[in-house]
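Visitor: In the order they appear, the protein sequences are chains A and B.
The first sequence maps to residues -16 to 319 in the working numbering.
The second sequence maps to residues 4 to 265 in the working numbering.
Hints are computed from structural coordinates only; laboratory data are not their basis.
No residue lacks a Cβ here, since even glycine has one placed at the ideal position from N, Cα and C.
All the pointers check out, no bait thrown in.
Coverage of chain A stretches by chain B, computed from C-beta distances (three or more under 8 Å per stretch; other residues unrestricted): (1) 170 to 177; (2) 183 to 192; (3) 294 to 307.
Short derived list, chain A residues pointing at chain B, Cβ under 8 Å: (4) Val196; (5) Asn197; (6) Arg204.
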Amino acid sequence: MRVPLRQRLWWFILRHRNGLTVWLAAGGLALLPLLMPTPYHLGLVNLIGIYALAVLGLNLFIGYAGQISLGHAGFFGLGAYGSALLTVGGWLTPWPAMFLTALLVGLTAFLLGLPTLRLHGHYLAMATLGFNYIVHLVLVQWDAVTGGPSGISGIPPLTVAGVAFQTESRFYYLIWTAVLLALTLCLNLVRSGVGRGLAALAQDEEAAAALGVNVRREKVRIFVLSAIYASVAGSLYAHYFSYVNPDGFCIFKSLDLVIMVVVGGMGSIWGTLFGVSFITLLPHYLEFLEAWFDIIHGLILVVILIFLPQGLITGLWDHLRLTLARRRLLARPEAP
Amino acid sequence: MNPLVRPPLLEIQGLSKNFGGVPALAEVSFSVPAGSVTALIGPNGAGKTTLINCLTGLVRPDRGRILFQGRDLAGRAPHEIAALGVARTFQNLRLFPRLSVLDNVLLGLTPQAGSSLWQALLRTPSLRHRERRLKLAALEALDAFGLGGKADWPAGVLPYGDKKRLEMARVFVSQPALALLDEPVAGLNSQETAEVAGLIRNLRRQGRTLLLVEHDMDLVMGVSDLVVVLDGGRRIALGPPEEVQRNPLVLEAYLGRMSVTA
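Okay, chain A solo, but in the shape it has when bound (with noise of 0.2 Å):
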């Protein structure tokens, strides 16, 4: 028999409901310099870029395996530092540092990782905070290295084939690419035996455990991962400006990396774009607030947390999902 073709397409689409999403949004993305009025707005959404591939990684980390980092700035900045002193010192050029850097920075996790991922809630925190506030201190205070307050300039771009990113343009089609992969391996690993270890431990470790899932070894490797997805985006973001300094990786820094979680929501995937834009667009659009920002970015912390514990997208996603199944509950009754 053979099975209408609309049934077929509309399995096929359930089935590579994932890719096929991803594929739309690359279309989308691939149009949207066309409707950016000049490049400065452009320069805005490469921004995001940035931020969302930091944000991707720590979403695991936080959202996934329920775990909470106030120190993803610090790698965030040791990505830049690292690529920025190994290209301007001469001794690599753009995309090897960035991989060295990428790979020292997962090694300092993963030593970071084994002491501090024993601890739970705000002594993790507490940690990683404190992981944060050293790094910021020893690009600050180590001048001779790392330029003090004023840093380092004349960051090469990256290139391929000859052709620099350096203009708005060039850049918006290299970041968000990087994006897309990283997102895509996001997905991946969130439909994977590993992925559901991961949301197991979140919610309880001793049954997680109990079930084969080796905790400590599982957060760890997410810690080293979100460490590097942190570096990565560090070294785009000292090759597109040109230019770091100490300010952009600040414990502050970390906190708007969380915030941005938050409001993406807890462990999803897509709303970490909607999280960053939001919180990276909003100063944009409120400028006449400016000067009330660290207050707006906590009042909307502690508003989503206290309504909202998962997050402003899963939360709402997921009061959807229970209000539909106790629904189908409520038509079915069946004995108890």
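Knowing the structure of chain A, use the given hints to seat chain B on it.
Guide: Then chain B, alone, in the frame of chain A:
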């Protein structure tokens, strides 16, 4: 063959554990024959939960050995023990309420799902095939435990009886060599209890080995081949249910005490 004379799958030898000087387990020894249902009973505080926790690696015993298929489990990490084929349920349900029913069952197949981060990130063809196979196995287990139509529901909204069955499905989906059921009928009504008893008999007929911790005496006497009685951390009796029921020590420590309170 009489299950009591089959070779033991699990042998517990001189297991001891103190909590702050108070003995929770003192020199407990018994073995679980392969393909049998062994029940572990005893009044509250007898050390049943401590024993199960030692078996699954949540508690490290002070002394003694836990031989499972020739390997000593004592002191191993929980995830290693799970990978060796020991699965458990928890006294109070330990489902993942925000995950779907299907994902909860798939988590019972964690050792089979592979732990390579690269394969997971790249979603390699071998991983894709494996995931499909595991998903089929999980859906079959859901059917077998009467949860067929609820695969995509969040586990948290299921009624209590369904949650109990989901936890059982999560244990048996991996066809574990040894399944530990910690109070599988606690909180169920008599009809649901009879259902669970049927499930247990069915699993035994399929050759599964079960270690059951239970307060419900009717269930214990009805389904088990062998009963181990703990009291104050010591093993006070061991034998087939009819024998244990007549043991004066057990009557005094357990059934006697129950008849006084009843």
